[in-house]
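S.K.: Sequences listed follow chains G and P, in order. Numbered according to this note's numbering, the first sequence spans residues 261 to 775. Numbered according to this note's numbering, the second sequence spans residues 261 to 775.
Since the hints were made in silico from the structure, they are not lab data. There's no promise every hint is true.
[As the list claims (entries may be wrong)] Heads up, incomplete: computed chain P residues facing chain G, CB under 10 Å, no partners named:
(1) Leu309
(2) Ala344
(3) Ala543
(4) Ala716
(5) Phe735
[To be verified] Stretches of chain P that chain G covers, calculated by requiring three or more beta carbons in the stretch to come under 8 Å of a beta carbon on chain G:
(6) 282-294
(7) 373-386
(8) 421-434
(9) 535-541
(10) 641-647
(11) 677-688
(12) 717-724
Where a beta carbon is used, it is the ideal one built from N, C-alpha and C, also for glycine.
Number of protein chains: 2
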Amino acid sequence: MTNDKMNGAESVVRSLHGAGVDVCFANPGTSEMQFVDALDRTGLMRCVLALFEGVATGAADGYARMANKPAVTLLHLAPGLANAAANMHNARKGRVPMVNLVGDHALRHREYDAPLSADVEGAAAPFSDWVKTAKTPETFGADAIEALGVAKSYPNRVATLIAPADVGWDAGGIIAPPPAAPLFAALNSAALDRAVSMLGEGTVILVAGRVLEDPGAVALLQGIAQKTGAHICAPTSNRRFDRGAGRAGIARVPYPINQALEALRPCRRAILIETVPPVAFFAYPDRPSHLLPEGCETMTLAGLDGDGPAAVAALADRVGAKPFVPFAALPPAPQAGAITVDTIAAAVANALPDNAIIVDESVTGGRDLFRQTMAAPPHSWIGLTGGAIGDGIPMALGAAIACPDRPVLNLQADGSAMYTLQGLWSQAREGANVTTVIFANRTYEILKNELFAVGANPGRSALDMLDLDRPNLDFVSLARGMGVPGQRIEDVADLQRAMAAAMEEPGPYLIEAAM
Amino acid sequence: MTNDKMNGAESVVRSLHGAGVDVCFANPGTSEMQFVDALDRTGLMRCVLALFEGVATGAADGYARMANKPAVTLLHLAPGLANAAANMHNARKGRVPMVNLVGDHALRHREYDAPLSADVEGAAAPFSDWVKTAKTPETFGADAIEALGVAKSYPNRVATLIAPADVGWDAGGIIAPPPAAPLFAALNSAALDRAVSMLGEGTVILVAGRVLEDPGAVALLQGIAQKTGAHICAPTSNRRFDRGAGRAGIARVPYPINQALEALRPCRRAILIETVPPVAFFAYPDRPSHLLPEGCETMTLAGLDGDGPAAVAALADRVGAKPFVPFAALPPAPQAGAITVDTIAAAVANALPDNAIIVDESVTGGRDLFRQTMAAPPHSWIGLTGGAIGDGIPMALGAAIACPDRPVLNLQADGSAMYTLQGLWSQAREGANVTTVIFANRTYEILKNELFAVGANPGRSALDMLDLDRPNLDFVSLARGMGVPGQRIEDVADLQRAMAAAMEEPGPYLIEAAM
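With the sequences and hints as input, model every part of the structure.
M.R.: Okay, here's the thing in structure tokens:
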């Protein structure tokens with residue numbers, strides 16, 4: 261369909277909408293006004309304003325994890341893209357589909373080194389799987405569909421389309437048809453044979469991606485484990501788990517390097533499904549980068565582009581395994597007392613309603629959360645995937661927009677919260693049912709651990725770089741400033757009640773949990 | 261000097277300190293712990309913690325503009341660099357010296373695609389004039405000095421040194437001597453002859469850079485204008501002005517495209533000193549990118565690498581011009597009434613004490629500020645240079661650290677404030693004497709103007725992308741949440757009194773000026 265009256269920007273909006281994209285997380289500037297205009301005139305997408313670009317991409321990350329389809333973001337030039345990049349990074353490492361539209365100067369204006377000029381393609385490349393600059397209004401719609409196709413292919417990807425202003429405002433836009441449905445790489449029968457032969461004591465099946473979002477597949481894996489003596493395990497960071505009471509759980513590789521090495525030390529064989537061999541977050545003097553022990557026989561049953569649940573089903577079929585849900589106990593509700601890493605996990609587990617979404621950026625304060633919520637009511641769990649802190653508050657916004665009928669519980673470290681705190685305002689504007697619990701230990705605790713790990717004996721100047729005191733952050737005031745009500749809580753039983761009440765109420769709420 | 265016990269990180273700290281760098285704006289992570297340790301053990305630098313990387317680079321920008329030397333920033337991997345990039349961009353466009361140290365994974369860990377891995381050099385390049393990755397502890401100190409030399413050369417630059425963790429923690433560091441003093445490009449006598457011949461009615465002298473920081477040079481320029489009929493003018497965005505009562509002022513090229521074209525329409529000849537031909541911030545349909553009229557004869561008397569004040573002195577000498585300070589009147593103090601774009605400028609002009617520093621990111625709300633403060637007590641003026649909003653609050657922090665005895669007045673648009681609001685916390689921790697005045701018009705007014713300019717007739721969805729209401733931001737609560745006291749003010753006479761009082765008091769204060 262051609263329309264001489266349609267400009268490039270409108271053809272992009274109509275093409276993406278025709279392919280199922282109906283949410284736009286936006287922080288536009290001058291060079292995106294033709295998109296604001298096209299979104300406004302067509303009324304085809306829900307537009308969510310972010311006050312900072314990292315909120316837009318973080319929200320798109322959370323949205324896609326829960327909606328199983330990408331949103332589009334609208335960003336402004338190279339600095340706007342850079343502000344968005346940390347959460348593009350997290351999405352990319354989590355293999356979450358995302359389409360970014362980044363306005364640039366009109367093609368004819370680029371040579372002049374205007375104040376906002378910088379290399380947008382260059383800025384996008386380190387944080388995108390695919391980058392393209394639109395060239396004409398006629399091909400702009402097709403470019404957007406190409407970006408969407410890339411984002412939705414397996415593994416899911418981050419696609420960034422750069423939109424020179426004149427390509428958006430000039431007439432000649434053509435609506436492009438939706439992309440072809442993505443295909444998985446086929447399961448290799450020789451690989452299946454080999455995997456079957458490797459099962460037994462000393463074998464670990466490492467699984468990620470879509471398997472963790474499929475409780476039936478995880479139950480089959482536990483059945484295989486029960487039958488063969490293999491262990492099953494997920495990587496430290498994952499896009500999403502669907503888990504909780506009545507569903508089979510799965511352990512994760514621990515984050516601390518020594519614990520990770522210890523957990524994987526018995527492995528003599530490793531079977532990989534939708535993942536790659538696990539590596540340490542950071543290098544340390546005298547520690548290996550690979551987490552599997554040296555000499556561990558490693559094979560890939562389904563790659564990142566494979567169909568993990570189908571591979572699990574085939575493997576279970578070959579060994580005659582049935583679904584198995586290991587027993588997990590809900591921890592007792594905490595009694596009155598201090599909020600600590602130990603007690604807060606039990607409070608969360610006992611406060612959680614049915615069908616909630618947990619957004620985990622609790623870092624050190626939440627180290628026992630994953631285990632203790634294994635038997636909490638069924639829920640989805642999404643967490644930080646790329647290590648770039650500042651994804652929690654925006655992801656919670658996006659998850660709430662994807663799933664308006666599900667309460668969202670954002671378990672949020674205080675230091676990390678300060679990177680994209682502006683997302684609270686968008687939560688308020690959108691009426692998002694998000695309960696944010698700030699784990700207020702007033703320190704970058706994880707960095708203290710790391711500093712001690714390199715053998716330092718920190719003095720005042722070092723501690724000043726790691727502590728969040730002088731002055732203390734008052735998150736209740738910060739939330740109020742952005743239209744989100746809240747309270748500070750010091751008792752863990754009070755905390756459990758407050759979390760349960762906030763999740764039951766519509767709209768956002770913030771609890772500063774004093775740790 | 262070699263020291264087998266010294267690691268690479270310590271050699272960098274000692275080398276930079278030996279060359280005069282004594283402030284570090286830091287947002288470190290795991291891969292920078294050896295720098296935190298070295299800074300702590302040596303005690304050579306004042307370390308200022310930022311809760312977000314854009315605060316660190318924005319503070320380094322404001323610091324360098326007022327200290328006339330760079331600070332060093334400490335950043336964490338590619339996502340941390342990206343978070344810092346918008347204010348690197350502003351510094352780069354303002355030709356402000358900056359040295360960034362960015363930690364990366366240990367060289368041996370890079371091949372493993374760990375969660376935080378991404379192309380740090382690629383992420384740095386669009387926002388840096390110079391990028392290098394350190395390779396050995398022995399050469400790391402020299403790399404830092406090379407970065408500093410690049411930053412301090414003319415024009416000043418943004419230099420980014422990437423520091424793999426092992427290069428920092430391994431022993432073998434060598435302290436490097438300070439860089440050679442930077443040299444200006446020599447004044448070309450033929451160019452001087454030509455410039456002299458071009459002076460007269462219809463000539464504009466466009467000056468920027470160091471000239472605007474030298475009231476004597478501006479007075480000489482005004483003398484040349486008086487004597488020859490030439491006009492003098494500064495670009496729209498500049499690194500710094502030193503101006504006010506008793507000093508010669510200078511007009512700027514207006515920001516709005518039509519006003520800029522109108523202001524420069526009479527120019528038939530243009531002489532450039534420490535600047536380039538002015539271009540529009542953005543391209544617009546039916547508007548040129550160049551702001552000087554077609555056919556305007558343009559020549560460069562002193563380039564970006566030249567000594568502008570010396571060029572001005574030579575030009576004045578050739579035409580026999582003497583320093584001239586045009587008369588400028590202080591506007592009357594505003595009476596009680598609403599705070600508007602007209603009244604707020606007069607309130608600022610009358611509130612300003614001697615020797616203050618104005619940090620201007622007021623955008624549309626401050627459109628009359630520059631003119632109306634021409635006769636305010638002598639002050640420095642630093643403003644947004646690269647168009648990437650979110651530089652004001654951090655720049656004010658950096659300026660206060662560079663000049664602890666001067667009050668800093670940050671005139672701050674509300675929308676822009678939300679990008680790097682975290683800087684308020686660092687102001688509180690450092691006891692910075694910064695008075696932040698939020699121009700709270702609750703809209704991205706500049707974008708509304710742009711949307712109307714492209715001919716749109718915005719509906720609710722478009723306006724929602726441009727208005728900052730639903731909910732209103734409460735900046736007094738936001739400031740309180742970060743330890744900064746404040747108040748909301750609706751009357752302009754009250755505003756003047758409150759600004760004056762806050763600047764007299766030590767420590768930070770925030771005023772939300774309801775517009």
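S.K.: State for each hint whether it applies.
M.R.: How the hints compare with the structure:
Using the Cβ-Cβ criterion of 10 Å, the hint placing Leu309 (chain P) at the interface with chain G is satisfied: the shortest such distance is roughly 5 Å. Against a cut-off of 10 Å between C-beta atoms, the interface hint on Ala344 (chain P) holds, since the closest Cβ of chain G lies about 8 Å away. With 10 Å as the threshold, the beta carbon of Ala543 (chain P) comes within range of chain G, its nearest partner Cβ sitting at about 3 Å, so the hint holds. Hint on Ala716 (chain P) holds. Least Cβ distance to chain G is approximately 4 Å, under the 10 Å limit.
For Phe735 (chain P), the interface hint holds, since its Cβ comes within 10 Å of a Cβ in chain G; the closest pair sits about 7 Å apart. Requiring three or more residues with a Cβ within less than 8 Å of a Cβ of chain G, the coverage given for the stretch 282-294 of chain P holds, as 7 such residues are present. Given as covered by chain G, the stretch 373-386 of chain P passes the check, having 11 residues with a CB less than 8 Å from a CB of that chain where 3 are the minimum. Interface restraint, the stretch 421-434 of chain P with chain G: holds (3 residues with C-beta to C-beta distance below 8 Å; minimum three).
Under a criterion of three residues with beta carbons nearer than 8 Å to beta carbons of chain G, the stated coverage of the stretch 535-541 of chain P is upheld, 4 such residues being counted. Coverage of a stretch by a chain is defined here by at least three residues with a beta carbon nearer than 8 Å to that chain's beta carbons; for the stretch 641-647 of chain P and chain G the count is 3, and the condition holds. By the rule of at least three residues with a Cβ nearer than 8 Å to a Cβ of chain G, the coverage given for the stretch 677-688 of chain P holds, with 6 such residues. For a cut-off of 8 Å, the count of residues in the stretch 717-724 of chain P with a CB near a CB of chain G stands at 6, and the three-residue condition holds.
Figure legend: structure checked against the earlier numbered hints; every hint is met.
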